[in-house]
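Each chain is listed here by its residues.
Number of protein chains: 2
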Amino acid sequence: MEKISEFTVRRLSNYYRILLDLEKRGIPTVSSARLAELGGITSAQVRKDLSYFGNFGTRGLGYSVTELKNAIVEILGLNRQWTMALFGAGSLGHALFFHEGFREDGFYFKHVFDVDPKKVGTKWNDVDITHQRNAEEVLRRDPVHIAVVATPPEAATDIIELLVRAGTKGILNFAPTQLTVPDGVWLRNVNLAVALESLSFYLSM
Amino acid sequence: MEKISEFTVRRLSNYYRILLDLEKRGIPTVSSARLAELGGITSAQVRKDLSYFGNFGTRGLGYSVTELKNAIVEILGLNRQWTMALFGAGSLGHALFFHEGFREDGFYFKHVFDVDPKKVGTKWNDVDITHQRNAEEVLRRDPVHIAVVATPPEAATDIIELLVRAGTKGILNFAPTQLTVPDGVWLRNVNLAVALESLSFYLSM
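Going line by line, the protein sequences match chains A and B.
Under our numbering, the first residue of the first sequence carries the number 1320, and numbering increases by one thereafter.
Under our numbering, the first residue of the second sequence carries the number 1320, and numbering increases by one thereafter.
Since the hints were made in silico from the structure, they are not lab data.
You can take every hint at face value.
If chains are identical, the list can't say which one is meant, so a pair holds when it fits in one copy or spans any two.
In silico SDA-like links for lysine to any residue, alpha-carbon gap of 25 Å or less:
#: 1; residue 1: Lys1388; residue 2: Leu1498
#: 2; residue 1: Lys1367; residue 2: Met1524
#: 3; residue 1: Lys1488; residue 2: Ala1355
#: 4; residue 1: Lys1367; residue 2: Arg1330
#: 5; residue 1: Lys1488; residue 2: Asp1502
#: 6; residue 1: Lys1488; residue 2: Glu1356
#: 7; residue 1: Lys1388; residue 2: Ser1324
#: 8; residue 1: Lys1437; residue 2: His1418
Whole structure, please, built from the sequences with the hints as guidance.
Next up, the structure:
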């Protein structure tokens, strides 16, 4: 598989949501033009994105909604369970931990770490909140696929380092700071301001 | 200005962050190849994106970091103040309200609405939490540019309708539900699972 950009993967997530919605509404097939319209991009882009992964369409009939959805589920790795550890039991961490969409997609938290003595020792659902100083040991003994960092920015660098030492391969960072990781570790920075910047762009026009 | 896709605008946000970082590190110029490398996309894509907005580069010298950053600030509408109303004073709403990155970009909350009688009548910083039944009246009297919806999905449809009636033109929706708005209103749905799906894609390879 050739190198696929993060933007292509994002569009695949977008197609996945559109296809889920079409499937729920009982619509059996979709053209690249219609997918493009629903996704707000060109049909040439849709055909290019899907061409990376093989040949799903039939000329003149379009794509089978369910087949294409299932193919994207497999491509995105959503046909399996992904375990996660949360760093930071503040309000963002709380919102992420209890976000229903994650569990529906196969992502679930099995560890929560914080440094606040009022939070350490309590539970969210059946998950203990553990002191962050024990995180490396806990993650070596009971590893996760993905760590979610929802701490203040000044705490994030140390956490990334302990995650790399513990062998965690996927990191989703919400802390507003630029971080780097060694090869073989996948880091995604989520910037909550990006969607606002898209609105301000369109509202400025 | 021709129609610019949401993906182009997202990449501009991405360039903006990279340029901010280069500027902080005192780096005066950047080539499209280097911008592409830092942004994880092709240099052809970088040149294409920036070509929508005029001619910032000098052949052989690359782009002036500060000039290009300032041009993108203007394009994204970040050289002004944007007022916002928050719907939903739960943990996600709390995280968004207190998110420092928004205020730095010129986005600030002036209203918070919720339906919980324990929250209504209290304040976050100097902003009153008002009952959602009064939202339409409050927003007619004291409008905002952008409404941020951080409520459960079943509440979102009614909120979108009241926002459209109140004349709010920009809506950032975090509720995991598909919503539609009339022409002239800009809606962005933020799906927190999308970044996880990007990780699961790369971790599956």
